[in-house]
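J.: If you want the building blocks of each chain, they are given just below.
Protein chains: 2
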Amino acid sequence: MRIDDESSGDVTDVAKVPTSADVAREAGVSQSTVSYVMSGKRPISSTTRRRVEEAIARLTYEPHAGARALAGHRTSTIAIVMPLRPTSSAQRLMTFVEEITLAARERDYDVLLVTADEGPAGLRRVVGRSLCDAVVVMEVGTTDERVTIAREVRAPVVVVGIPEDGDGVDCLDFDFAGAGRLLVEELADLGHRAVDVVGWDPDVVADGYNYVPRFTRGATSAAEDRGVELRWHLPADAPGLRTTLEQVCAPRPEPHGLLLVRAFPEVLRSLSEHGLRPGRDVDVVALASDTEAQAHDLTATATRPREVSRRVTARLFALIDGDAVPGRAAAETVPAELVRRGSTRRP
Amino acid sequence: MRIDDESSGDVTDVAKVPTSADVAREAGVSQSTVSYVMSGKRPISSTTRRRVEEAIARLTYEPHAGARALAGHRTSTIAIVMPLRPTSSAQRLMTFVEEITLAARERDYDVLLVTADEGPAGLRRVVGRSLCDAVVVMEVGTTDERVTIAREVRAPVVVVGIPEDGDGVDCLDFDFAGAGRLLVEELADLGHRAVDVVGWDPDVVADGYNYVPRFTRGATSAAEDRGVELRWHLPADAPGLRTTLEQVCAPRPEPHGLLLVRAFPEVLRSLSEHGLRPGRDVDVVALASDTEAQAHDLTATATRPREVSRRVTARLFALIDGDAVPGRAAAETVPAELVRRGSTRRP
DNA sequence: TTGTATGCGTTATCAC
DNA sequence: GTGATAACGCATACAA
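Each protein sequence line maps, in turn, to chains A and B.
With UniProt numbering, the residue at position 23 of the first sequence is 23, and numbering never jumps.
With UniProt numbering, the residue at position 257 of the second sequence is 257, and numbering never jumps.
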């Protein structure tokens, strides 16, 4: 074994990446002291602290994440399991990811991305391999195997969505039922007795995302309460969509109400091509992001991804810190809010 | 130290996560054999292999990623540095992330997400801490400090975008100049001598993303070649946008050409409210994703995020495998293609 | 074809 | 307030 004295470097030394031992030598302290300076887990005299910090800066030392994880039993990483397809808008997903990542960075955590096409195995893998300390599962289905696994796994898991059997799992989501109710009530308030609803694509419905039936239930129950008839249309490619548009844009004797679960540009374009102007000839409400709703001037409820993300990360870090018991809290729901814009007449 | 015999477990043993040593004991082989079975880096007799694999299955063993990284000097992780805001569409970014993640998983790599708000430090951090083996930097600016750091850092970096000084860095992007050229030429072919262009928001321009000037150069040079006059409009909130819309929707004596750098719903809506129908009263071309273009029935060039991602990952893994020399290849560009839809008359 | 032994760079428990 | 030192779980050079 080669002796490690300070003058042993060859002339053509490759720039080795410095370790905490190098920092210790440079600062004239022990390696463990360097570790404690970084973690702050024990009192350090200000002079040693300064010398160590200067050595760190001189060598541009960075701790090895793997070694840390191995010795410290924590990775400082959280995993996000993404949904299979952009079922809600890509915008919404990006907002989630962005918000969670920023919150993580504030605590010096990193974010690992897992695609849902790995299925339940992905969840098992990232915690099994100790790739993360906690997991966020986005957009779970009504019955989702990953919810079961969330209970078995030895890391905290927060689930976005309200699955059928969510007992013992930390669930959290936007209140889609409340949104459905709010949108129908708005049209009812405007005097509509019948409402056309353009719902989700059949394949989105088939995926079993639980927010679809929740929204539907909210809308349906509000419709019953207010004596409104809901006529559901499912958009699809070419022919199916055309039929929907014809029905939705057909001339009516009475005022017409339209509820969109997304800001379908095709539908809005079709309306205007038929001479129907939102806010004048037809009242249109939608489930859409603020950005979309603004661009299309739609009265809408946004699904508030930022607020949901905030609560997700709060819950997650509470679990990580041991400030909360896993699966103990009831499913949490972020209330819906309606913003009126030009696509509806004023009540 | 406690002796590690097989009957030492207390009655109330917490389920310890198994290590390769546990697998070895269970299979009656040495720990190194387990390692070699998993890596395939040396020949193993079929009987041993079977016994080890069965033991792995019985114990549901998963290797500890940190320990692997420490001992193996590789993390099997690639990092993606995201842009600050969704400058191009969120859809486009999600597609990038999705495509890169899938390609990574095919090689048993994971993906770490880094937000650009960390700035150049983020790039330094993830490779300094050995959190990844390689990095993709999304949407670099015309002059971007991260490009400089990409050269210094000891891990392969592929950059999406064509920065001013990209020498010695692996750059790759969609051919925005070609797209600008293509779109202008299409309008020229339709007989337009003057074209209104609705460009990027001023704050996007201010961010210095280099695809903006590239697109502009392509469009401008095509306009000069074809004797077309380009009138640039920059959208903005409320008042600015209103002015733009008035100018763009003003009645004209001659046929009118319109080029959008995004599928601005506000602009399209405004057109139809002014009774101007794309493909009849005005020819509209756009830089927009297939999804958007289809929804709005726009003649458009897509920015092909999937194809760009494919080339990014190909390049990245070539660098990781040592099949390519870093910074050696010229900047690579994915050609633009135009798809005609209902928003333009047939030539 | 398999086993032994060492080191990877931290954290954390002792001792002083 | 600081310094040795034993894990942590795996990869791999060296033996057999």
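Read the hints as simulated data drawn from the structure, not as lab findings.
Warning: the hint list may mix true and false statements.
For chains that are exact copies, the list does not tell them apart, and a pair is met inside one copy or across any two.
In silico lysine to any residue, SDA-like type, Cα no more than 20 Å apart, as pairs [unchecked claim]:
no. : residue 1 : residue 2
1   : 41        : 335
2   : 16        : 320
3   : 41        : 247
4   : 41        : 148
5   : 41        : 334
6   : 16        : 50
7   : 16        : 266
8   : 16        : 220
9   : 16        : 274
10  : 16        : 124
11  : 41        : 59
12  : 16        : 48
J.: Now look at each hint and say whether the structure bears it out.
T.: Comparing the hints with the structure gives:
In this homomeric assembly, residue 41 and residue 335 never come within 20 Å of each other (Cα to Cα): the closest approach is 41 Å inside a single copy and 55 Å across copies. In this assembly of identical chains, residue 16 and residue 320 lie within 20 Å of each other by CA distance solely across copies; the values are 19 Å between and 35 Å within a copy. In the homo-oligomer, the alpha carbons of residue 41 and residue 247 never lie at most 20 Å apart, since the shortest distance is 68 Å inside one protomer and 64 Å across protomers. In this homomeric assembly, residue 41 and residue 148 never come within 20 Å of each other (Cα to Cα): the closest approach is 37 Å inside a single copy and 36 Å across copies.
Taking CA atoms no more than 20 Å apart as the test, residue 41 paired with residue 334 passes in neither setting, with 38 Å inside one copy and 52 Å between copies. Proximity of residue 16 and residue 50 under a CA criterion of 20 Å is satisfied in neither setting, with 24 Å inside one chain copy and 40 Å between copies. Taking CA atoms no more than 20 Å apart as the test, residue 16 paired with residue 266 passes in neither setting, with 59 Å inside one copy and 56 Å between copies. For the identical chains of this complex, residue 16 and residue 220 are neighbours neither inside a copy (66 Å) nor across copies (49 Å), given an alpha-carbon limit of 20 Å.
Neither within a single protomer nor between protomers do residue 16 and residue 274 lie at most 20 Å apart by alpha-carbon distance, with minima of 70 Å and 67 Å respectively. Within a single copy, residue 16 and residue 124 get their C-alpha atoms only as close as 35 Å, which misses the 20 Å cut-off; across copies the closest is 16 Å, which meets it. Proximity of residue 41 to residue 59 under the C-alpha cut-off of 20 Å is found in neither arrangement, the shortest distances being 23 Å within a copy and 35 Å between copies. In this assembly of identical chains, residue 16 and residue 48 lie within 20 Å of each other by CA distance neither inside one copy nor across copies; the values are 25 Å within and 39 Å between.
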